[in-house]
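Visitor: Listed below, chain by chain, are the residues.
4 protein chains.
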Amino acid sequence: MIIKLKPHTNPSDKYRFIEYLTDLGLEFHFSENSEAERIQVMANGKNIPWKEIKSRPIVDEILDSSNIYSMVHRNYKPENTVIELPGVTIGDGIPIVIAGPCAVENEAQILEIAHLVRNQGVKIMRGGAFKPRTSPYSFAGLEEKGLKLLAKARQETGVLIVTEVLDTRDVELVAEYSDIMQIGSRNMQNYKLLKALGRIDKPLLLKRGMSARLEEFLGSAEHIMSEGNSQIILCERGIRTFVEYTRNTLDLNVVPVIKNESHLPIIVDPSHGTGRRDIIESMSLAALAAGADGIMIEVHPHPEKAWSDPEQALSPDQFSHLMNHVNDFIEWRKTHALSPTRL
Amino acid sequence: MIIKLKPHTNPSDKYRFIEYLTDLGLEFHFSENSEAERIQVMANGKNIPWKEIKSRPIVDEILDSSNIYSMVHRNYKPENTVIELPGVTIGDGIPIVIAGPCAVENEAQILEIAHLVRNQGVKIMRGGAFKPRTSPYSFAGLEEKGLKLLAKARQETGVLIVTEVLDTRDVELVAEYSDIMQIGSRNMQNYKLLKALGRIDKPLLLKRGMSARLEEFLGSAEHIMSEGNSQIILCERGIRTFVEYTRNTLDLNVVPVIKNESHLPIIVDPSHGTGRRDIIESMSLAALAAGADGIMIEVHPHPEKAWSDPEQALSPDQFSHLMNHVNDFIEWRKTHALSPTRL
Amino acid sequence: MIIKLKPHTNPSDKYRFIEYLTDLGLEFHFSENSEAERIQVMANGKNIPWKEIKSRPIVDEILDSSNIYSMVHRNYKPENTVIELPGVTIGDGIPIVIAGPCAVENEAQILEIAHLVRNQGVKIMRGGAFKPRTSPYSFAGLEEKGLKLLAKARQETGVLIVTEVLDTRDVELVAEYSDIMQIGSRNMQNYKLLKALGRIDKPLLLKRGMSARLEEFLGSAEHIMSEGNSQIILCERGIRTFVEYTRNTLDLNVVPVIKNESHLPIIVDPSHGTGRRDIIESMSLAALAAGADGIMIEVHPHPEKAWSDPEQALSPDQFSHLMNHVNDFIEWRKTHALSPTRL
Amino acid sequence: MIIKLKPHTNPSDKYRFIEYLTDLGLEFHFSENSEAERIQVMANGKNIPWKEIKSRPIVDEILDSSNIYSMVHRNYKPENTVIELPGVTIGDGIPIVIAGPCAVENEAQILEIAHLVRNQGVKIMRGGAFKPRTSPYSFAGLEEKGLKLLAKARQETGVLIVTEVLDTRDVELVAEYSDIMQIGSRNMQNYKLLKALGRIDKPLLLKRGMSARLEEFLGSAEHIMSEGNSQIILCERGIRTFVEYTRNTLDLNVVPVIKNESHLPIIVDPSHGTGRRDIIESMSLAALAAGADGIMIEVHPHPEKAWSDPEQALSPDQFSHLMNHVNDFIEWRKTHALSPTRL
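Chains as they are written, first to last, in this note's numbering: chain A, 1215 to 1557; chain B, 1215 to 1557; chain C, 1215 to 1557; chain D, 1215 to 1557.
I should point out that these hints are in silico values taken from the structure, not numbers from a laboratory.
None of these values were measured; they are calculated from a predicted model.
Hints may be right or wrong, so weigh each one.
If chains are identical, the list can't say which one is meant, so a pair holds when it fits in one copy or spans any two.
[Said to hold, decoys possible] With a straight-line cut-off of 27 Å between C-alpha atoms, the simulated DSSO-like cross-links for lysine-lysine are: (1) Lys1260 <-> Lys1359; (2) Lys1260 <-> Lys1519; (3) Lys1362 <-> Lys1409.
Just chain A, same shape as in the assembly (with noise of 0.2 Å):
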């Protein structure tokens, strides 16, 4: 549950109030970028005397929330959770695209293509180094070696970094060489991995589970958050069903409910989320349409040749199309508040 306090109380009546939930024995936690200011209670299984607390002055309102996801709930914190990162915002209202290869494979690859996003307007680049491969004789990414070259690319071209971390053992590492840290889907569920990044101050990438419900997706978001990093970029990559056309199916309708329910940005990748180059453009316009705060779009220089998922990377001369119809629906949205009706 939320409590929601009145607005301009002053100072010493929030001091006694905290301390008479101190006193009855309450675990709580602040939302002190809002408007009002919000204080998360944590149940865990007490009996907490919501009556009495309500009838205090100071207390404008007792607000349900998620017992999952309370503080990456709406009712917790009202306005959108903006990232800032030098040269780009996140979940501003102004959608953004990260572009760049499933993986970094050398240094040819990757200066080549970080200086084509970058002229194609791109402030940020994707690329792996620590892959997660489903056999394991597949390439697994150069570790070490690729996070080298990505910092390369960075310093050559200006362009962000984000790239995956898959163990609690190489969080220190990934984040000394990356401005964002993706989660990757099959470590949505992984609680300490995630808990370890919730310790951090740095951006994460947190990538949908392929069969993740609401609860669990936003679950994972909180594991983060309750740790104190609430830097979290949500991403849609397509949930698995009986479809058998798309590699995944894109589930674009996650974009309005999260909105709705959550104030973190949240960015679709249909790169993942297809595995078909044909409908990549397509779905990417569908997604800003939708509402997404931003998209993912894997290019490689000679897709047939990509070292992984080579059928889903967009060509140079695709991306320069994809980015043509992107920027002019950018600047459509811009004029049109489109945001799901809060019911």
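Add chains B, C and D to chain A, keeping to what the hints say.
Guide: For chains B, C and D alone, coordinates are given in the frame of chain A:
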């Protein structure tokens, strides 16, 4: 397989070629509207002398085609199928809006809605007179009386009528009162009904089954088209997945996939597809951005009192809000050639 | 809701109680075979004076019941429904085997199989004369000719016949030639067909739809039973999931769930349910261990030459191997009261 | 690909053949326990002179194998892998039962259950000390303290311990206190954890992920086995589908499919797989009839008070009832060679 003839062949050469195919004992269909004529040859398990056929001077090439849906495939007819109705066309690149209640309830309700949707510029009204219901004790539609009320609404307002037919025995009755006949999700594989509708000269709206794969969806369209009726509008209306936050999972990916694969128009029903009033506007825009030829929306003067599916109908105000954004976006789309990349 | 009367009420008291319910304007059904009589009262949106009804001396208790499937619910009829056919009963605790080809192909084929299955002790043969096919160009059954061949096989061998009906217009024709009429998965929600079959006095085999939830499956049975026909055999035949190693995902969990929820017998079709010859025997035993009232198996003298679904038909040798294990297990089950725990 | 050598080859010939493969620059693994030796050759994108290799006198045949799971494939090792533990073996044809609580709660609880399950003849007890939970505010296990209580239960009763490990940093700690280490569903594709466990000499229980296809499940086993540890017990625990009447859809079809495909033992967890106490006994028998090497059951002295998953734990009485049926059925299975047909 599809035989593509060379362009501008003279009629007598064509006549002799057809005699030749007939002598081979083959069964075949023509795609007459095509630029160059295309002939679909039925395999039926026969050994067909493709090499010999290909060597004929009149033959341009032999095109591959699904064994299941060859007439609805773009290789049979490269140009979009356009459905012409009085005052409105479907499939010509300008998206249309169909709107109306889930079910016809009484004269006052259906006339009120007919005026309401017409005043928003909508040309086609939906409304069920025969309703498939999970419970035998639920309201199952006014049947013939409902059809008569729809006809009255058309007479008063000029809106065209799309309504569902459930049984082969009702085909003529429903055809008499409607402009477009709908085959519902639950009947997508009712092949006797599809065949009966394939012999009628009236546009059809074929809704995707809840667990239909691409071959099944287009195979059902082929059942209709192989009987002679090619005025088919496909409709995505949500698939069944593990997802719990929407009633069904609206699968927009199928839109660009079908635009690539087939010449038939495809529209999207976000009302049934999501079952959530709060995200229908977002998903309508997303559908149009994905390339849909139209959307179908449930609207009710008093959604909370609707006899079926109250949680998904828009109120008149919500519908008006949606139409503003949709009309603006349709304008934007006119200046942007949206289409999936053919690879 | 179900009104349960006290046991051994005298007829005149019962008569007066019924008059009373009639005067209240209620619609209701009797479950006459029950130990104590039970009356299903239709809600139809009415306000029913339950408190007053409960206070009547004749009333034992008011039992909750699904609004969707109250007559097929165990609260309406606590004892198992047993279907009596000449020489075989279904639902009495001793599992039965139904076997035969996917489709009737010709006289020699169907007679050979009829002898083959009868020699293995099978009393009921399956065989399709009307076949729903994804492609309009696939073999769709011999129709009436096929029905006549099935009748001939019955005459020669004494096996009873189960065969599918696809259309309301064919109900009488198929009824004439068959002992059990099958409603296929694709027609599970063809409510007009269900209602027509509800007015026939012949056992029905209702196959679960590929994406049917419990309410939908039992709701379809209720559509039949509410028209008067309670001789319904349910059949699990696999659901549609993301799984790729079986054609469908045979969902045995539904067996004990339905044994708890409903009085109707349920059998399992591992041939369609898995589509893999190599696991049909294993899954047949599993179905019987889960509590199924029988299994339905595809067998063909030359599976590789079958006109439909060749990869799932057992050869005569494989079928004989399966029958040995199945018969042994049926003996074991007779001495073990298998049933899900009622909680 | 797998190279199968001729039986009874003399060591020096074998030595020379290995030198030859080494000179070709190939990477390979031996399957030493096999009747005839088998060598798995890693492709790694290389051109391998298969024709020349096949012509060598020592080579019997070249067997196809999945690129993703070649060491866990039966072509690499035709005989069943049998896991030997003190007093119990897994995979030798006689099914085993693992039972215990979802989580270790306190000393009294775990000791009571250890005595309870041992008195029913159970040799291996489950119990979680590290619990992955959707909510960060739910009980996540007693961690090291829980491991110590499990060790105490083993000391007092002699039951072996299976418990979950969540993080690479805890591998040694959990290994110290357990007999079998469990990899949970949510970590099935945590490849860093799999690799770390592949380097440990202790049996592992690998639970299938909620949306894992066959290649992914066996691919995860291959990640472990390719590091050296082949003591892997697979576990089916339910997949995520649209079905609503069970918490997950227990997919028994995977049991005979895997018995055909792999030499590894597979057990079934109907407690997590269904989440419904009332059908666990039915599904346990079905699992064993499908060919499973064992079952894993949740039991709790007071299920309604369990700290996690109370609705799926059996009470002591229900567990005793289940064990009676299970033991009887295990006797029956000993006299019936149940196995899927190899085709």
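Visitor: Compare the structure with each hint and give your call.
Guide: Going through the hints against the structure:
Taking the shortest alpha-carbon separations for lysine 1260 and lysine 1359, only the inter-copy value of 23 Å comes in at or below 27 Å, while the best intra-copy value is 50 Å. Taking the shortest alpha-carbon separations for lysine 1260 and lysine 1519, only the inter-copy value of 15 Å comes in at or below 27 Å, while the best intra-copy value is 58 Å. In this assembly of identical chains, lysine 1362 and lysine 1409 lie within 27 Å of each other by CA distance both inside one copy and across copies; the values are 26 Å within and 24 Å between.
When the structure is compared with the earlier hints, no violation turns up for any of them.
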